[in-house]
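Can you build the whole structure from these sequences, using the hints too?
Each chain, letter by letter, is given below.
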Amino acid sequence: MAMLRPILLGILLPAVVAGLALLVAWRPWRRGGGAGGGGAGHAEAAAGAWGGALGFGCGYVAGQLAGVGLPAFPPRESMDWFPWIAFAAALLGLLEASGRGPAWLRWGLRAALSVGAIRLVLAPEIAYRAWGVWESSAWVAGLAVAGLLVWSGLEAAARRAPAAALAPAWVVAGTAVALVLAQSGNAKLGQAAGSLTSAVGAAMVLSWLAPAASFSRGGVPVLAALFPALLVVGCTNNYGEAPTASFLLAAAALPAPLAGILLLRSTPGRPSWKHALLNAAVTLVPAGIGVGLALRAAGAE
Amino acid sequence: MRARKLVGLAAIATALAVLPSLRADDAAVQNFKIDPVHSTAIFRVKHLGASWFYGRFNEVGGAFKVDEKNPAGSSIEVEIKVESVDTHDAKRDAHLKAPDFFNAKQFPSMTFKSKEVKAVDKDVFEVAGDLTLHGVTKPLTVKVERAGAGKDPWGGYRMGFETTFTLKRSDYGMNYMPEALGEDIRVILSVEGMRT
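Residue numbers (my numbering), protein chains in the order written: chain D, 1 to 301; chain E, 1 to 196.
Keep in mind that the hints are not guaranteed to be accurate.
Computed from the model, here is a short list of chain E residues facing chain D with C-beta under 8 Å [unchecked claim]: (1) Ala-94; (2) His-95; (3) Lys-97; (4) Pro-99; (5) Lys-105; (6) Gln-106; (7) Asp-171; (8) Gly-173; (9) Asn-175; (10) Tyr-176.
Calculated from the structure, these hints are not laboratory results.
Remember, predicted model here, so these are calculated numbers, not experimental data.
Ideal Cβ positions, reconstructed from N, Cα and C, are used throughout, including at glycine.
Listed below in structure tokens is the structure:
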């Protein structure tokens with residue numbers, strides 16, 4: 001029972017914190033089903049977009065603090081940086097939710113956050129391998145580009161589909177990330193990914209009450225900054241048996257719902273259960289294979 | 001006359017040959033290199049509040065200096081490789097090396113460097129110094145007992161010490177899974193030094 005306490009705190013607390021933020025932002029009790037409900041469309045959905053930034057960011061931080069413990073200050077280990085990355089990503093999400101600024105500025109800030117996050121969490125690996133400036137820069141740049149690709153996939157999906165059609169798929173992807181990290185011998189990282197997934201889970205529940213509410217411009221920066229950085233730390237500190245393919249497939253699962261969206265051409269507005277199911281099913285392919293490989297490797301040991 | 005000279009020379013030669021070892025054994029200040037093969041670091045930690053499980057570190061190194069006449073002039077430095085943690089379970093060892101606990105990649109070793117040595121009696125010393133574990137350095141004072149000393153079969157000279165002390169792992173930023181693993185870690189460190 002004692003073991004359940006940190007799990008409950010790390011999973012339930014982020015859901016509650018994220019749920020409260022999303023509840024205030026999306027206001028599902030309003031006539032027409034909350035943000036963007038009914039015919040209100042994009043404009044209102046964007047108006048509540050800050051809820052994703054605040055909910056996912058604060059939900060994650062609450063989950064890490066309650067489940068994993070207080071991070072050291074100043075940060076010493078990669079894990080200590082994640083709350084700060086979450087705050088920075090939430091701030092960027094709030095900025096993007098305002099809808100102001102040209103596209104080049106948005107992508108510039110996204111690139112800065114990706115590079116910064118990867119550089120910070122990769123620092124112990126750079127020191128361990130004694131990489132020089134060029135080698136470490138190449139690794140940071142390469143991983144940041146990969147992170148930005150995931151980001152663009154998440155963004156494209158969130159722009160095309162409402163939260164109700166996406167959230168189940170992202171819960172599947174987040175769960176895969178958490179399981180792969182746990183199989184890599186990093187329970188803390190797995191728990192952290194579980195906290196973020198739990199925040200998305202709260203959005204999944206609320207999105208059925210506010211069907212047209214969207215993640216775009218708000219929650220995506222938090223997901224796009226944290227999930228890839230967590231996977232990078234897990235992969236470079238792989239003390240379990242999880243193969244590298246598991247990490248890559250878990251990362252690929254994050255933008256995977258885009259394939260389902262393009263397939264059914266879902267549009268903002270009330271999604272059908274078919275959209276949500278197809279997106280989740282498409283995501284389950286890389287997610288399931290990634291987790292399956294990790295579990296098989298652990299079982300084969 | 002010639003025979004007496006020869007006997008005299010032989011006596012001097014014998015004395016010269018024996019003198020260094022006598023001098024070394026009785027020297028006030030002696031330096032030792034820790035013998036990793038005969039040094040041990042064992043720890044115990046409570047599991048689920050139910051039982052103690054024991055582990056050890058298989059790579060213990062360092063050096064110490066013993067000043068018999070002036071114990072304050074003595075010192076010790078011990079380095080233990082975190083990668084060598086051994087709890088008789090490969091999966092648990094891997095988890096202990098991961099960032100969840102020791103974070104062996106980032107913090108590959110734990111060290112103790114003495115700052116002050118006081119003699120409590122002939123074979124017991126109070127050693128104060130800094131323990132660095134998991135990247136955190138904190139002062140630590142331990143009571144050290146001399147286990148013994150003597151010549152080895154290869155002409156060397158050895159001396160051993162042992163200490164037992166308790167750490168709080170959260171003091172060193174290792175605070176994960178407090179419900180599963182106890183806060184207090186009891187450590188037994190036994191070192192054998194080869195005189196250099």
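Hint by hint, which ones does the structure fall short of?
-> 7
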